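**Q** As you go down the protein sequences, you meet chains A and B in turn. The first sequence: position 159 = 159 (my numbering), numbered continuously. Remember, my numbering sits 403 above the position in the second sequence when you count from 1.
Everything labelled a hint here was simulated from the structure, so no lab data went into it. Worth double-checking, as some hints may not be accurate.
Listing some non-contacts, in silico: residues in chain A with all C-beta distances to chain B over 12 Å [stated by the list, open to error]: (1) Asp-59; (2) Asp-364; (3) Val-371; (4) Arg-380.
Here are some of the chain B residues that sit facing chain A, going by a computed Cβ distance under 7 Å [to be verified]: (5) Leu-448; (6) Ala-468; (7) Val-532; (8) Arg-551; (9) Arg-556; (10) Ala-564; (11) Arg-606; (12) Val-658.
Listed next, the in silico DMTMM-like pairs over lysine to aspartate or glutamate satisfying Cα-Cα at most 20 Å (straight line) [unchecked claim]: (13) Lys-46/A <-> Glu-129/A; (14) Lys-274/A <-> Glu-469/B; (15) Lys-46/A <-> Glu-529/B; (16) Lys-61/A <-> Glu-40/A; (17) Lys-614/B <-> Glu-763/B; (18) Lys-712/B <-> Asp-770/B; (19) Lys-704/B <-> Asp-671/B; (20) Lys-704/B <-> Glu-763/B; (21) Lys-704/B <-> Asp-770/B; (22) Lys-704/B <-> Asp-766/B; (23) Lys-274/A <-> Asp-500/B; (24) Lys-46/A <-> Glu-523/B.
Bear in mind that the values here come from a model prediction, so they are computed numbers and not experimental data. Backbone N, C-alpha and C define an ideal beta-carbon position, used for all residues, glycine too.
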Amino acid sequence: MNPHAITGCGVVSTLGIGRRAFFEGLRSGARGAFRDAPVETFDPSKYSDVQVAEVRGFDPKKYLGDKGLRSLDRLSKLLIVAARLTLDDAGIKSGGVWRAPEGDARGPWPDRVGIVVANAYGSLEAISELDRVALLEDPRYINPARFPLTVSNSAAGYASIWEDVRALNVTVSGGSCGALDAMACSDLMLESGRADVLLVGGAEAMTEALFVGFRRLGLASPPPSAGDGAPSPGPRLGEGAALVALERRASAASRAAKVLAECSGYGTAYEPPKHAASLVHASADALERAMHAALVDAGAKAADVDLVVSSISGLEPFDSAELAAIRRVLADDVPVTAPKVDLGETLGASGAMAILSAIAFLHDGAPPRPVGGTLRGPIRTALVTALGYYGSASALVLRRASS
Amino acid sequence: MLERIYVTGVGVVSSIGLGKEAFFRALAEGRSGISPVTAFDASSLGRRYAGEVKEFDARDHLSSAELRRMGRCAAMAVAAARMAMEDAHLGAASLPDARTAVVMGTTMGEARILEALDHEWIVGGERAVTRALIPQYGSELLPIHVARGVGARGIVLALPAACAAGNYAISFGADLIRTGRVDVAITGAAEILQSLQFSGFVRLAAMAPEKCQPFDLNRQGLLLGEGAGLLVLEGEAHARRRGARLQAEVGGYGVSCDAYHITRPHPDATGSIAAMRAAIRRSGIEAADVDFVNAHGTGTKHNDTAEAKVVREVFGERRVPVTSMKSMLGHCMGAASAIEAIGCVFTIETGIYPPTIGYETPDPECDLGIVANAAGRGKSDVLVNNSLAFGGYNAVTVFARPGRLPSPRSWSASDRETPASPPRPREPGADRA
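All chains, please: the whole structure from these sequences, using the hints.
**A** What follows is the structure, given as structure tokens:
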């Protein structure tokens, strides 16, 4: 990929809303995921041992006003708020209003900004709500205003309407790898001149249907913690939305934008399982290939990597496969951090949460509680890794801005 | 310099035929794939017609292990992918596996699996949900099933771009080759009929009772369809090295977003016009070079009038031949522009324009050069495949007879300008109330 500038971040997460709150949360070692039960997204009373990483106190009205939120689902609201915060942080909008709507010689801003967002499960909220009406009452009574939410790209579509961004709109479905793959798609779009600024990242919303699915697979009720305040082992389902503003370096320079970090290499791979009957599988081989490809793409050597921001979440055999791949490619003592332990498994958003975490560490230095390795000196190059549930893996190289 | 990208194989599962030969024959004959739906009971809705694929039996195409791990949507995609590989004379042994991408579009993926899970949960509670079925849902799986089915090990990318997903997948796949990331891209889209989706379109008052009549004065809406369309794309060097037959060239593409309404196209169609112009410009040609337009043509009031504006605005006075294959296939949603892209390959290979069937009464608001009711013939060097989608998506891809487009330039500074669209007053309160 061509090295691109990251000129802003917007995030709605269990660690906080907005770049500063998120970075501060990481710095202070807050444990966003360490919550007992959802209070906003569904009634947890019929389930025992509910542990989810819900964004508490999320009030979209605070950011978007009172009007027009009624027909939206939680996923769209999370994404729209993240988009607005990103445009503000990148200095393109102020308080949600274009700083220069007429743009410059290259045309009006709305025509030059696009969205490329990863998401894994769409609006299970709307689909299960409509299924319930169709099954228990009659298909004739489903609410047509909620029907458009059933398509996976509706949140990105609503975000484009709310923020009036028209250059292009892409949704990528790639599980935990999705947001990294979205960065690769964005590289194609920027390099071919289809947009000047892309809001790139991911979003996923907590819903009862998603919780039930993961819980049924034994993935949403981790065993009790050791009791010393440490999070218990095992993944927790999370939610949130995270975006970066990605621009060609020249474009960022021409508007004198602050550059938070640079994204400079991407790699991905797929490996099928060995057994014909398998579907879910953790492929260390795929991640190893993806990491090598990302380093080659970035023109970096393994020794250049100061920190790995992994997708380790407390789920075996995925964690072991990911660590194995990291140890095969990089030196044994490279520190590996695992934002999912604090943020929860945010699925489509998780790659974007990892990218934002990497940006924070490139900025502020040492991450708290690495799951392995030792930090030596400043963090100049970070490698973000993601391992999918079905044999795919992706990796992304981020660098400190060359000021 | 950017490499030329060619279609070297196609595979299709559709309501008018399985496989390239049957599909091509049906397009030439103008056969309708519309029939009463049998997959679910739609009786309470007052609508029952769709382009349902009735002759597809997944067991004819998949192993028993494959049948156990995927639903109907992926089964159609894998079957079509294998047909496309065979058509391209590419086997697992000759595929550059680590440098082969799979890029797939869909709107709702395995919607019937989700429906089954949801129903179990609603009726029987958490413990009634079939565990083994849960990991089979998820759009990310579609390209993974295809990659595994054909032996690809490169990037797997799922683009749920609603009804523009086929054009997205084909165009992104082409870009991955153009930028040297891969040598081969297996691209396309798949969609299945499903009851909630069917009910939703009825509730939006968008579904016709019996016939889909795009651009007709008395059109009554869309009919849904299903199927899969897969295309093998190769860069010129790779295709020539192995002596592949070049069926069509994939030209440039244009994308934009209306940012106006979640389901309706912008009435001025400025985004759609910009996307079509970008596709033409990025192919290195002018509108006058285009011989045929495959319209999105859903048969709804809003789509067809907006799209007629696009064609008139882009092509001016010239009556470029226009067809909507949805008159035969119904609207195959995410798969539509992929299956119709294979229809474009058909026109390039045969010189035949597929007809818009059921066209009876011209609509003065859609005054276009419709290829009405019977197939036409004419110059077929450069074709435009148009699509629009929920979310305000517009995506347009150009297909051409090999050798007829100018050599692609590098992406240059001049491409790095989004064509400025005129300021658009937004409909007050559109979709915000």
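**Q** Using Cβ atoms only, decide whether Arg-556/B comes closer than 7 Å to chain A, and label the hint accordingly.
**A** holds, 5 Å
**Q** Given the hint that Lys-712/B pairs with Asp-770/B, does the C-alpha gap stay at or below 20 Å?
**A** Between Lys-712/B and Asp-770/B the Cα gap is close to 9 Å, so the pair holds against 20 Å.
**Q** Holds or violated: Lys-704/B with Asp-671/B, Cα cutoff 20 Å?
**A** Given pair Lys-704/B, Asp-671/B holds - Cα atoms ~14 Å apart, limit 20 Å.
**Q** For the restraint on Ala-564/B, tell me whether the closest CB of chain A is nearer than 7 Å.
**A** Holds: closest Cβ of chain A sits about 6 Å from Ala-564/B, inside 7 Å.
**Q** Quick check on Leu-448/B please, does its C-beta sit within 7 Å of some C-beta on chain A?
**A** Holds, because the Cβ-Cβ distance from Leu-448/B to chain A comes to roughly 6 Å (cut-off 7 Å).
**Q** Should the interface hint for Ala-468/B be scored as holding, given a Cβ-Cβ cut-off of 7 Å against chain A?
**A** Hint holds; Ala-468/B Cβ to chain A Cβ min 4 Å, cut 7 Å.
**Q** When you check the alpha-carbon spacing of Lys-704/B and Asp-770/B, does it fall within 20 Å?
**A** holds, 14 Å
**Q** Between Lys-614/B and Glu-763/B, does the CA-CA distance stay at or below 20 Å?
**A** Distance of about 11 Å is within 20 Å: holds.
**Q** Let me know if the C-beta of Val-658/B comes in closer than 7 Å to any C-beta of chain A, holds or violated.
**A** holds, 5 Å
**Q** Have a go at the Arg-551/B hint: is there a Cβ in chain A nearer than 7 Å to its own Cβ?
**A** holds, 4 Å
**Q** Given the hinted pair Lys-61/A and Glu-40/A, is their Cα-Cα distance within 20 Å?
**A** At roughly 15 Å apart (the allowed maximum being 20 Å), Glu-40/A and Lys-61/A satisfy the hint.
**Q** Does the alpha-carbon distance linking Lys-704/B and Glu-763/B stay inside the 20 Å limit?
**A** holds, 16 Å
Against the hints set out earlier in the document, no violation occurs for any number.
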